[in-house]
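Protein chains: 2
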Amino acid sequence: MRIAPEQDRLHAQIAFAVEIDKLKRVIRRNNLMDDSRRENDAEHSWHVALLAMALAEHAPPGTDIPRVVAMLLVHDLVEIDAGDTFIYDPLAVAAQADAERAAADRIFALLPEPQGSQLRGLWEEFEDRVTPEARFAKALDRLAPILANHLNDGGTWRLHSVKAHQVLEKVEIIEQGSPSLGAYARELVRLSVMRGHLAE
Amino acid sequence: MRIAPEQDRLHAQIAFAVEIDKLKRVIRRNNLMDDSRRENDAEHSWHVALLAMALAEHAPPGTDIPRVVAMLLVHDLVEIDAGDTFIYDPLAVAAQADAERAAADRIFALLPEPQGSQLRGLWEEFEDRVTPEARFAKALDRLAPILANHLNDGGTWRLHSVKAHQVLEKVEIIEQGSPSLGAYARELVRLSVMRGHLAE
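Line by line, the protein sequences are chains A and B.
Take 23 as the starting number for the first sequence in the working numbering and just add one per residue.
Take 23 as the starting number for the second sequence in the working numbering and just add one per residue.
The hints are all genuine.
Since the list gives no way to pick one copy over another, a pair counts as held whenever it fits inside one copy or between any two copies.
Mimicking SDA-like on lysine to any residue, the simulated pairs with C-alpha atoms at most 20 Å apart in a straight line are:
no., residue 1, residue 2
1, Lys44, Asn174
2, Lys44, Arg59
3, Lys44, Gly138
4, Lys44, Ala104
5, Lys44, Arg60
6, Lys44, Gln118
7, Lys44, Asp57
8, Lys44, Leu173
By construction, these hints were calculated from the structure, which means they are not laboratory data.
From just these sequences and the hints, can you work out the full model?
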């Protein structure tokens, strides 16, 4: 295709569009909510972004929901290079940080400036978990697999012998973003333990 | 789970969260951009929602991009009941409208009010294609499979003997939402014809 100078930005954006398609092939640990197959990062990102809208009233007053949505749309892009990390594997989580930073360097730089820096900023904000938007986004990211495992009679928890106290550490992260969703997640954990789907 | 009255809204929202998970199992006609498998509606919705951010500067000035993103996150939910329609099959497209309306009646009503009506309003706005936001959202929805088919040596076009003039009708819809993306799509069609991947 003939590239006129004024088309450079568009062509860079299309290269980004093609690159991020790979997120559809990054497979997560948890299954879909009907237990039919494992979930991929792209469909997970869609799900939690829409949950930000559906569960908006459980964010602290004044939370910028469109910013939460934008953050959730980009939050897993680095996994195109770095892969999905099992959050109950502390060694893997520690090794992941460098790989994700290198991935962010590569992937967001596909976009022209200032767009690349802006989208990378959303990812960094999500990771830093300081703003109410990032805390609420992370809460949704943690809630979704807990809901899936609860619906799937323990799912990944049983498969990998995860204990209730480990899940409750994730529930604390949910509580920091949304007290009401945190209370709900705590109740899901209680029920899963009661039913024998999650070890104490 | 004990349901206190004040928890009714949350429980309705969680029922919606579980219901929409089914969108991950609605399979579209086109393949992923690396041709490895067919795409599902949920990961497609993520892709075009993020493209709304990446390609924002190609929308008319003043377009509310967060609204475009929200629209694209819900635009295919009705396909949980109504299924994906092949846009090059005019009989199927006509029969689809009633099925999609019935699906919207059911799915958005899972949410408490006024949320259910608000999200349904986004879907109707997308379908009506009157606002700049809806036109830009529809342009992205049409651009993504054209880009995938272009990258996949004709993909769905070859498989279903689609002709260039049929694809150019979709390009007109892209042009109505974004002249620059329309021109880009027109160039993709020209290249695909030139390479023998799309019949004249």
